Structures are given as C-alpha cells and as structure tokens.
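Undergrad: Let chain X serve as the given structure and place chain F on it in line with the hints.
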Amino acid sequence: MPGAMSPTVASARRYGRNPYLQTLRLIRKKKWAYVFIAPDILLFLGFIVVPVVRSFMLAFQEFRLSGNVWVGLDNFKYVLTDPVFGAAMRNTALYTVVMVPQNIIVALLLASILRHLSERTQSLFRAAYYLPGVASAVVISMVWKWIYDPNFGLFNFLLSRIGLGPYPWLTSPRTSLFSIMLMGILAAPGGFIILYLAAMKKIPRDLYEVADIDGATPIRKWWNITLPLLKPTTLYLAIVSTIGSFQIFTAAYVMTQGGPGYSTTTVVYLIYNTAFRDFEFGLASAQAVILFLVIVAVSVFNFRRFSTDVQY
Amino acid sequence: MSTNGAVVRGKPGRWALHRRRATAGAVQGGPSWRPRGVAQWAGAILVMTFVTAWAVVSLVPLVWLFTTALTPSSALLRIPPDVSVRNFSLDNFKLLQERAPLLPRWFLNTVLVASAVTVFNLFFDTLAGYTFAKLQFPGRDIIFWTILCTMMIPGQVTLVPMFMIVKALHWYDSYFAILIPAMAGVFGIFLMKQYIQTLPSEIEDAARVDGCSEFGIWWRIILPLCKPGMAVLGIFVFMAEWKAFMWPLIVLKTESKFMLEQGLATLQQQFFTDYGLLMSGAAFSALPMILVFFVFQRYLMEGWSVGGVLKG
Chain X
1 MPGAMSPTVA SARRYGRNPY LQTLRLIRKK KWAYVFIAPD ILLFLGFIVV
51 PVVRSFMLAF QEFRLSGNVW VGLDNFKYVL TDPVFGAAMR NTALYTVVMV
101 PQNIIVALLL ASILRHLSER TQSLFRAAYY LPGVASAVVI SMVWKWIYDP
151 NFGLFNFLLS RIGLGPYPWL TSPRTSLFSI MLMGILAAPG GFIILYLAAM
201 KKIPRDLYEV ADIDGATPIR KWWNITLPLL KPTTLYLAIV STIGSFQIFT
251 AAYVMTQGGP GYSTTTVVYL IYNTAFRDFE FGLASAQAVI LFLVIVAVSV
301 FNFRRFSTDV QY
Chain F
313 MSTNGAVVRG KPGRWALHRR RATAGAVQGG PSWRPRGVAQ WAGAILVMTF
363 VTAWAVVSLV PLVWLFTTAL TPSSALLRIP PDVSVRNFSL DNFKLLQERA
413 PLLPRWFLNT VLVASAVTVF NLFFDTLAGY TFAKLQFPGR DIIFWTILCT
463 MMIPGQVTLV PMFMIVKALH WYDSYFAILI PAMAGVFGIF LMKQYIQTLP
513 SEIEDAARVD GCSEFGIWWR IILPLCKPGM AVLGIFVFMA EWKAFMWPLI
563 VLKTESKFML EQGLATLQQQ FFTDYGLLMS GAAFSALPMI LVFFVFQRYL
613 MEGWSVGGVL KG
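Sequence lines, in order, name chains X and F. Numbering-wise, the first sequence is residues 1 to 312 according to the numbering used here. Numbering-wise, the second sequence is residues 313 to 624 according to the numbering used here.
Since the hints were made in silico from the structure, they are not lab data. All values derive from a computational prediction rather than experimental measurement. The C-beta atom is built at its ideal place from N, Cα and C for all residues, glycine as well. A few of these clues could be false.
No more than 25 Å apart at the CA atoms, straight line, and that leaves these computed lysine to any residue pairs for SDA-like [as the list claims (entries may be wrong)]:
id, chain 1, residue 1, chain 2, residue 2
1, X, Lys231, F, Leu460
2, X, Lys30, F, Ser401
3, X, Lys201, X, Met181
4, X, Lys29, F, Ile477
5, X, Lys30, F, Arg452
Non-contacting residues of chain F with respect to chain X, defined by C-beta distances greater than 10 Å in every case (computed) [as the list claims (entries may be wrong)]:
id, residue
6, Pro384
7, Phe405
8, His482
9, Asp485
10, Val521
11, Leu535
The following block holds chain X by itself, in its conformation from the complex (with noise of 0.2 Å):
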C-alpha cells in the first residue's frame, strides 16, 4: 500500500520518478507554509469566494422567510427594464467617463510639472495635494454639502459677491449631478500624482539625455519619452479609478439621498436601498451581479486600450 507508506528515505528512492508522490512530499515537507497562508485562504474563501458565488445563485432567486425561490431570469428582466436602475447606470456612467479621464489627465500634468522642481517643493506640493484626501468621504460630503447649501453655502455667497447666483447646485435635478462631479474635479488626485511621480523617477536618464543631443523641445520629449513610458501606470490608474468611480456610494448618501427625483441615484446607492430598506435581497443581488459584469468588461476594455509591454 503506497499511499499508507511514509516518506522515508526509501520511498523517496523508489517512488522518486512519480510527479505526485514528489509534490505530495514536497506538500509534507513544506506543511508551515500552508499553515502560514490557512487563516488568509479560509477569510478569502468564507468572505470572498463564497459571498460571490451566493450573490450570482441569489441574482436567480426571490428571497422569502420560508425559503427563497427559484425565479429564472425575472430579477434581469425587471431591473433591466426599470427606469430606476436605468436613471442610476446613467449617473454612475456619467460620472465615470467624466471622473476618471479628468483625474487621471491632472495627476499626469500635475506631476510633469511637479517633477521639474527640487525635492524640497516637491514633498511641499504632494503633501498639499494629498492633505484633502486623508479626510474621510463622509467628512468631505459633510463640508460639500455646506459649500453648497443654497442660502448659507460658501460658494453662493462668493457668487452674490460678483453679482451671480444664487444656484441650485443640490436641489436641483438639473445640476445635483454635476455639482457632486464638481466636488470631486476640485480635489487634486493627491495619491494619482505621487504614483505618476514615482513612475517618472524610474524612467532612465539617458532617453532624455539623447533626446537633448537631437535638439528635441521640452513638449516634444514629454510627448514622445514620457508619455509612452508611463504606460503602465495610466492603465493602473484607468482600471482602478473606473471601479472606484463604479462604486460611488458616500457622497449620493450624505449629500442628497440620491435625489432630487433620481438625478443622483448611483448604481450602488440602488443596491443599498433595494436591499437593506425594500429587502429585496434577489433583486439586489441582480442589480450588483449587473455592475460587476459592467465592471468587468469596462476593465477588460481598458486593458486593451492601455495596455503596452513597456520595457526599460
């Protein structure tokens, strides 16, 4: 009986061609290492693997105290024709091609500028513009939410200062949208700059180096050196500001409870409502197995857009 026998130095002779019994040594000499890792794979499977597997099976599901009930597509076919989740696709995606092309093009200007100075003024500029970001996003929607309050706020007052306003900005359908994608332009991508900066550090010196010997103007470097070398990190940053921005939450809560009317209504906010006030845990489920499909596809395009096999 092979399988009974222990790894002795005999059995490691005789069974020392066969690719499992060598992996299941190796498995038993190496035991730490999956006792190491054992905590982290049952949190990844008990709150990862498992979480996303239910929500694709309740996504089929209504949920009922007595049990829930297969449904087929139906979830789909209603969330999909609700003009609701319709209006809440719309803002997210709004947001999202207005948020992260604007954020990623600042930080690369920001830091191309930045980079030109000394070390000194450097640090002094990232912090400042990393200082905002270490406030929490219901503190910061605290603050926005009082900047623009129509009667009291700060900017309709600096606005009646030159004769202008007052605006809506919140309580308008019209312009509350605009107004939380205001907030967020305003806001430095602190954390964007400093990984362009860091990214610049490790292009080598000698492209430009040549590039001066050729004559070529500042702009025409940045162009031709730079850009094409940062590559990997703007798709770094595409990729993980369009889930970000996909997963705008706090500022629809704090700020206008999703409204007026729908006009803030994120993809998430819906999530939230449909499934902790209306408990309709199968729809809800639905509604994020949609988002994340419309993630994965959105990452997957920018993947292919962004993507380079930058050596140096």
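TA: Leaving out everything else, chain F in the frame of chain X:
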C-alpha cells in the same frame, strides 16, 4: 507592471525610505530644465501659479471645515456669513456635547475597532507575505495570484450575501462583523511580500540550520526586520478602517455601537442645517487623520509609491 523596480534597486531590506538621504540632492531622474528668456520665465510663472492655485483650491474644504467648526452657528447663518477669527469659540463643541452625547463613544469605538483590525492585518499579512516571498511550496504562485485577482471584485457585489453570512453567524450588530472579514487584506499581503522579498535570506538559512522552527524564523528574524514595511501597512489599514462607512452602516444597528463615520451621517440627518454643529463633529473624524498624515507622511508616500500600485 514594473512593481519591483523601486524595491529591487534598493539595498536589501530597504525601500527608498532609507535611501532618501542618498538621493536627496540628486536630480530625480527627470530632465532638468531652467527657464531661459522672458517667454520661458513668463510660462514658468504661469505654470507655477496654476499648480499653486490648484493646491489652494484643494485645501479649501478642509480650511472651511475647521473655521466653521470654530464659528458659532448664529454667525454662520447670517447673510453675509460672519466668518472671522474674532468670532472663534468652542460654542459648537459645547452644543455638540449636549446634542450628540454619543459622539465620544463613537470616536472610541472607531479607535478600538480600527486598531484591532490593524493589529490583525499586521500579523496575518506579514505571515502570508513571508510565506509567499520566501518559502517554496507547490501551488504557491497559483494561490498568490488567485488571492490577488479577488481584489478586482468590488465589495458591493458581495454585499447581500455578506450580510446574510453575518446574520447566520449571529454577528449582526456586533464588531465581529467588521473585524473578522477585515483581518487580512490583499493589499497588505502584496505589500509585505514585496518588502520581505528584498530581505537577505542568509540569516533565515542560518537559523534554519541551527534548528529554528519556521514560525520562530518569522517571529524572531523576519518581523524585526520588516518594521518599516509594517509601519506603512499599519497606517494604510488604520486610515482605511477609520474611513469605512458602508459596511458599518449595514451591520451595526445599536446607536451606542456606531462607528464615527456612521454616527456623523446620522447627525447630518438630524441637524441638517446646523452646519457649525455638524462641522465640529466632522472635525473629530478629520483631525486625527490629518495628524496621522503629518506624523507618518513619509510612510504614506512610500506606501503609495511601492504598494500604491495596488491600492485604489
């Protein structure tokens, strides 16, 4: 993605954190450029104005938060609002004590939960990071990349099933619901793996020859060597947990158990135009984060440059 660049190029076991002195004076890899002639000087001044202006605009919300927290509501709700240093008082905080007696409790809850999550993450992520970085075992790369890919899955997709799991385990309205799923993180495992890879293997090998157990090697040799990496990770985890909003909102029901962000959001709904009061509450969340930022700025920047490649 060139995630290894910054790590591998340093001395073993050190990130740029320790190389800062060495490179401080050098040009940071960028093409050095000095303005020549009137046109270029004008351009440079214009660009610097733009960069500075953006930094100032980014900081406006934070400045507004603290000035209005210190200004009594009566002065704020005047037209025009009377915001000046002359009016500064702690009235809002006194009022806050009266109207939101639970706020210190929420603050304490957040400190405790965020600290506990940080300690767990430091333990499990470092252990897993060491295993993936230094130990050879069958399936290592597959397991590592599978865990890494789960990061692509947005938490909102699993919200409903996670809620059901929490209910089934009787963790609803208890800190277990927050603590246990957050005990280890993909970002942390990746960060610690990157860091531990740069440590020399000779000491471990010597310890192994001397009969030290695998756990002993990690505890006695690896842990003391990766303190700088753990500082980076600890700050990131603590800040992320401090800002967490949606999950506590879903799983905590008793008001005295609330986390700070959740508590602030309920205050916002209770006293929605008493901005002085709200801002003084928000200051409780923002100020500790700003202090953490100023004290650990170096580590935060380092985390962004090295592991930021994973953190959104």
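Undergrad: Out of the numbered hints, which ones does the structure contradict?
TA: Hints 2, 3, 4 not satisfied by this model.
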